[in-house]
Every structure is written in C-alpha cells, then in structure tokens.
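Chains as they are written, first to last, in the numbering used here: chain A, 1 to 479; chain B, 480 to 724.
Worth flagging that the hints you see were computed from the coordinates, not collected in a lab. No residue lacks a Cβ here, since even glycine has one placed at the ideal position from N, Cα and C. One should not assume that every hint holds.
[What the hints assert, rightly or not] The following residues of chain A were derived to be distant from chain B, with all beta-carbon distances above 12 angstroms: (1) Phe132; (2) Glu155; (3) Asp288; (4) Phe300; (5) Val304; (6) Asn351; (7) Val359; (8) Pro434; (9) Gly437.
[Stated by the list, open to error] Where chain A lies over chain B, by a calculated footprint (3+ residues, C-beta under 8 angstroms): (10) 574-586; (11) 656-666.
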Amino acid sequence: MSAVRLIARDELRLMARNRVAVIAFVLLVLLTLVAVASAWSHQRNIAELRERNAHAAESAFDRQPDRHPHRVVHAGHFIFRPLGPLAAFDPGVDAFTGNSMFLEGHRQNTANFGDVRQSSLLVRFGLLTPAFVLQVVAPLLLIFLGYGVLARERERGTLRVLLLQGAGRGEVVGGKLLAVGTVAMLAGLPAMIGFALIAGQPGALVLPMLTIAGGYLLYLALWVLLIVLVSALVRRSLDALLALLALWVVTVVLLPRLAPDVAGAAVPLDNRLQTDVAIARDLRAMGDSHDPDDPYFDEFKQSVLERYDVGTVEELPVNYQGLLAMEGEQMTSKLFDQYADKSYNAQERQNWMVEWLGVLSPAISVRSVSMAAAGTDFAGHRRFLDQAEAYRYELVQQLNRLQAEAVSYADDIAEDPGADDRRRVAAANWAKMPDFGFRPATSAELARAAVPGLLMLVGWLVLAGLALASATRRLGWAK
Amino acid sequence: MISNNAVISLSEMIVAYDALPVLDGLTLGVPAGSITALLGGNGAGKSTTLATLLGFVQARSGTVSVCGIDPAIDPDAARRKIAYLPENVALYDHLTAQENAEYLLALSDQKPDADAISRAFASAGLQEGAWRHRLGAFSKGMRQKVAIAVALLREVPVLLLDEPTSGLDPAATADFNALLSQVRDRGTAVLMVTHDLLSAADVADRIVFLESGQVTDDVAADGPDRFDVRALHARFQSARGPVAA
C-alpha cells in the first residue's frame, strides 16, 4: 500500500475511533437524508399544486359565459410557473420570487405567492434542501473532522515521525487530502441519492445535473484543500480550528448574505410605488384614447380611415373600438416593457456583482452554479416573466382582435337596453384561446449559465492548490 | 576529521537560529558499523546536529551528507536512510503498540510479520500484555520501548538517537545498550546524543564532546587515545556549570 493510502487510512481510523466525529458524521448524513426527503416531497407537492391550479385557472377562463371580449381582458387569467425537477435539489429564488401571475389588459403584474409570504417565518432563514446542506453544513463538518490533520501531527510531534519513516512531504499531505476527501465524498453521497431520485423524473436534464454535481465536487474539494492548507500552516490544532471557523463564517455565512446588500446599494432599484407613479405619468403623457381631441389618437384614427379608405369609423369593416384597444395595448405594453427592462437590467447588474463577489466567497460561486444549472436563479425567474408577458400580450391582443372582428362598432357604442347582449361573443371562443405553456431553458442554456461560477471555483482551487504546494515544501522545517 | 567510509558526515557546518549561532563550524563523521556518542551541555548544538542530519534545519554554510545524500537538498531521500529515536517519543495514542509498529514500518516500505514485531517488542523490553493496548495509557518508558522496537525494525544504514535511555530504568538501559551493540554489528552507523556519560562509555566506540557548536574532544574507546571516563565526566560537569547547592 502506498504511503498516501496508509496515511489516509490511519487518519480515517482515527476519525472512526473518535466518537464525536462519528456522531457528527452520522448527524450530517441524517440531516442530508431528511433534506432530500423534505425537499423532494416539497417539490412534488408544489409541482402538483401549481399544475392543479393552472388547470383550474385554464378551466375557469374557458368556462366564462358569452361575454364582451374586453370584459374577458379585464377578467384576467392566472398562470403558474411549473417547477422543474432540479428545484427539489436547489429551489433557488423560487420561494422568494412568487410563482403565479395574474394577467390582464393594460397592466403588467409581478409574480405573486412566493412560499416565503405564505409560510412561516422560518422559511426566510433558508429551506432545508440538499443544496443548503452541501453549501453550508458539509464544510462545517469537514472543518470539525479535518482541522487537525496536520496541525495535530505537528503539535504532538508525529509529523516528524511520519517524515522520518520515509514518507515524503507530498505523500503526507496527499494522505491527509485523501482522508478528508473521502469524508467529503461520503458526506456528499446522501445528496446524490436525491439526485438519483430526480434523475428518474420527466424533464430531468443530464447536462445540468452533471454541472451541479461537478460544481459541488469542486466546492467540497476546495474545502478539503483549504482545511489541509490551514492545518499545514498553523502551529496548533486549536489555531487551525479557529482560523477555519472564521473562514467558514465569513465566506459561507456572512458574504453570501452581505453580497446582495452591497449589490443593492451599488445598483439601487426603484420601488414599486416609484415605478407605478412614473408609469402613470408616462401614460398620461402618451395620450387618452377616450379623448376625441387627443392628438395621438386622432392621428391614429386618420391613419385607420386612410388604410380602409373610408371617411368615418362607422364605415369601417371592423370595430374601431377593437382597433383602438389593440393600439392602446401595444403602446402601454411598450411602455411597461421599457420599465421592466430597466428593472431587469438593474437586477442583472446586481446579480453580476454578487457573482463577482464569488471571488471572495466560494459559497457564492457554488450557489450560482447550483441555481443556474437547476434553472431556479433570477434568469430562470425572468424567463417565466418574459414568457408570461409575451403570452399576456398575445392573449389580450387576440381578445381585442375578437372585439374588432366579432362585435360591431354600432353595438359596441350603443347604450340601449339590449346592447349589452348584442355585444357578447360566444363562450366557445374562450376555449380557442391558447393556454400558457412555460418553455424551460434547454440543457445547454442551463449548463452555460453555470460556467462563470464554475470558473470561479476552479480559480479558487488553483490558488488553494498552489498555496498548499508551497506549504508542503515547508512541512517539517524548524521555525 | 572525517574518515573516508563515513556514512554520516558534517563538514564546517554553521547553523544559526536568527542571529544566534548554534553550530559553529562543526565537522563530524560516523562510519558504518560504529556508535558515536555526542555529549555536551544544554545549547551545545547536539539536537541541532541531529535536526540538520534529518533535514529539518537549513545550514548557513558547510556540507552535510547521509549516505551520500544532502538532507537540505533532498530530505525525503535522506530520511529513508535514517531511523530516528527522539528524546520525547511521539507515537499515535489511538493505535495499539502493534498497530503503531505496523503503520510506521509500512510507511517505510517494510512489512515485518507479527512475530518479528513481537520479537522487537520483547527485545526492547516491552511487556507482552501491552502489545495490543492503545498507547493512550502508556508511560513514557513504555512509549520509549515501542519507539526503540520500531527503530530497530527499520533496517536502515543510519540510526540517530536523542537521549534514548532517558525514560528507561537501569535494567532496561542495559538491555538497550546490548541491542545497540547488535545494531552496530549489523553495520549500522549510530549517532547517539546523550547526557548519560556512563552509558555512552559502555556502548560507544567514540565520544565526541560538543561545546558552543564546536567539537572540543573526540576520543576513542580503544587504542592509545582511549578515553578516561572520570576525566571526561569532570570536563562534562564543568561545561554544565556549577551545580546549585
């Protein structure tokens, strides 16, 4: 057996004979299994609930009675964001962003009903998911099991014994890396059980799953390197423990929570009230379709009359009210899109800043990798918002077109008692409207989104590896 | 003076910790199949000499060689030629005596059978009842015996000893000296740092007296310059300074 394996075997034997270490390891395994089971069940329940709600909303929309199409525009329609299978591993921002949207004419609503707003306050402190266990708890366990791998040997004088028995410095460090690495692999194994469950789900994508597995492999490998590095650098094992705990607190607890605040301060977002006021102001400036003297809509009317080669709106072959609604929707949507783009761009700059703070915290990088590949990051949420808006616009315009084509202008403006009945169109039309179908990102898109985070982790690994190589060369020297 | 067949050699070695010189032009050689005892007061440079041979300290100048290998350049290779018994024995408390021996010998690419380890334990004077107990409850002397057994089982050309008998009772010291003679007879070069002049006189072929990092006396056990234990003891005591009443 090589010296590396001998040293690793002895280190593992020491851990196995340490009751506290065994209990800590068993607790982590149990915690991960509980996290896997709970996240799995949570994801299944949410996915089923959203699917049921989506069907109910579609059914309610389709079952509307004979109505004026513009009533349907204002009645609105709920859509739900389906949850991908990988959300069971890492739900990302899903619990915070909301998962349903109310679509209606003349307005772009935001997503509603995030789990955080519907659940106990505990949800705000982090869901117990396999991702959380691997990002936060696993490094802590590795620290407690591995902080003394070299510092303890130095402190007790056995480091020199190892070197004097002919084990090279590289072999000693290699053995310690192998031992802590083995514990890291074992600690990550229960989370892989969750992965195996996810792999059997429809919609589970192999490449993003491999990306996530690779990201966590790099992350845990980095912690193994850091633990052995710190243990090699300090004189006493207590110093190693304190240094590693400080590193964990800063990089895993503090920076990931501080980073969004820093980004938020650097790139401030307008709040909802400010945005609503600004939109209302711009809408007023845009014109009033109900004002016969409004210059913009007067110009629009003239262009319609010229296009159809008629002198009055009554002579048009289509309902002018419907055309007006289509034009109004196009204008307001364009305005809403401008504000939405501004907000999205600011949020993307914030996310970019947070990702760059991964230079200071590998936990931020692995979180980015995990959420991006799982499709539960901000980009995944924006994909839902973009598709929801495109669907809303198309639905509203189809209803406006129906108004233009199926309701006569005369009936539309009539005020006699029977006019309301004449303005209604057949209920069968509602079922003909397309249903919302969320198109998730492709396998390649998800994997590509995880690349920056992966590169950060590789950078960390290279730096830690170089530092450890330097520390290895000094191992055993008198100070 | 270094003989041509020296397995261990130090020549004009200067070692200093920060500004404090510890070895000041030390020249010393230990041939194969011999025991050299290195004596001197505290701070004379004895342990630093061993640390230099083991590649744990870097000399400012001079040359050092263990079986032709410079420990400062390739410490890992030099250490493979050396068995070392430190004054404060460091072994693994979570392992039994047997497991300690198996583990440490395996690291040096040796896989002695259980009988060989048992014989080494017996030779070192470790009671049989202790062989399969973890070292956590061992006394200093018992640990010393385990370390001696491991060092003896290492079949290497160089044996370095730092106060090897400090934890042993007189009977165990006599047994140890007998063992050391056997090791010498199989061709090993032994360099022993000790304060135990009588033990050194009993087993060593040469006694080298070190003071302020320099050799002040280098005397042989046999021949015309055979050392006088009493005179050397007096010299040794004077170097240690007056004893408080």
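Status of the hints after comparison with the structure:
1. In this structure Phe132(A) is separated from chain B by more than 12 angstroms, as the shortest Cβ-Cβ distance comes to about 33 angstroms.
2. A beta-carbon of chain B is positioned within 12 angstroms of the beta-carbon of Glu155(A); the least distance is around 10 angstroms.
3. Its beta-carbon lying about 84 angstroms from the closest one in chain B, Asp288(A) satisfies the requirement of being farther than 12 angstroms from that chain.
4. Taking the minimum C-beta to C-beta distance to chain B, about 86 angstroms, the non-interface status of Phe300(A) holds against the 12 angstroms cut.
5. Against the 12 angstroms criterion, Val304(A) stays outside the reach of chain B, whose nearest CB is about 90 angstroms from its own CB.
6. Non-interface status of Asn351(A) relative to chain B is upheld: no Cβ of that chain comes within 12 angstroms, the nearest being about 48 angstroms off.
7. Chain B leaves Val359(A) outside its interface by the beta-carbon criterion, the shortest separation being 36 angstroms against a cut-off of 12 angstroms.
8. Listed as outside the interface, Pro434(A) is consistent with that label: its C-beta sits roughly 69 angstroms from the nearest C-beta of chain B, beyond the 12 angstroms cut-off.
9. With 12 angstroms as the threshold on Cβ separation, the claim that Gly437(A) sits away from chain B holds: the shortest Cβ distance comes to roughly 61 angstroms.
10. Only when three residues or more bring their CB closer than 8 angstroms to a CB of chain A does the claim for the segment 574-586 of chain B stand; here the count is 6, and the claim holds.
11. Counting residues of the segment 656-666 of chain B whose beta carbon lies closer than 8 angstroms to any beta carbon of chain A gives 0, which falls short of the minimum of three for the stated coverage.
The structure does not agree with the numbered hints 2 and 11 stated previously, though it agrees with the rest.
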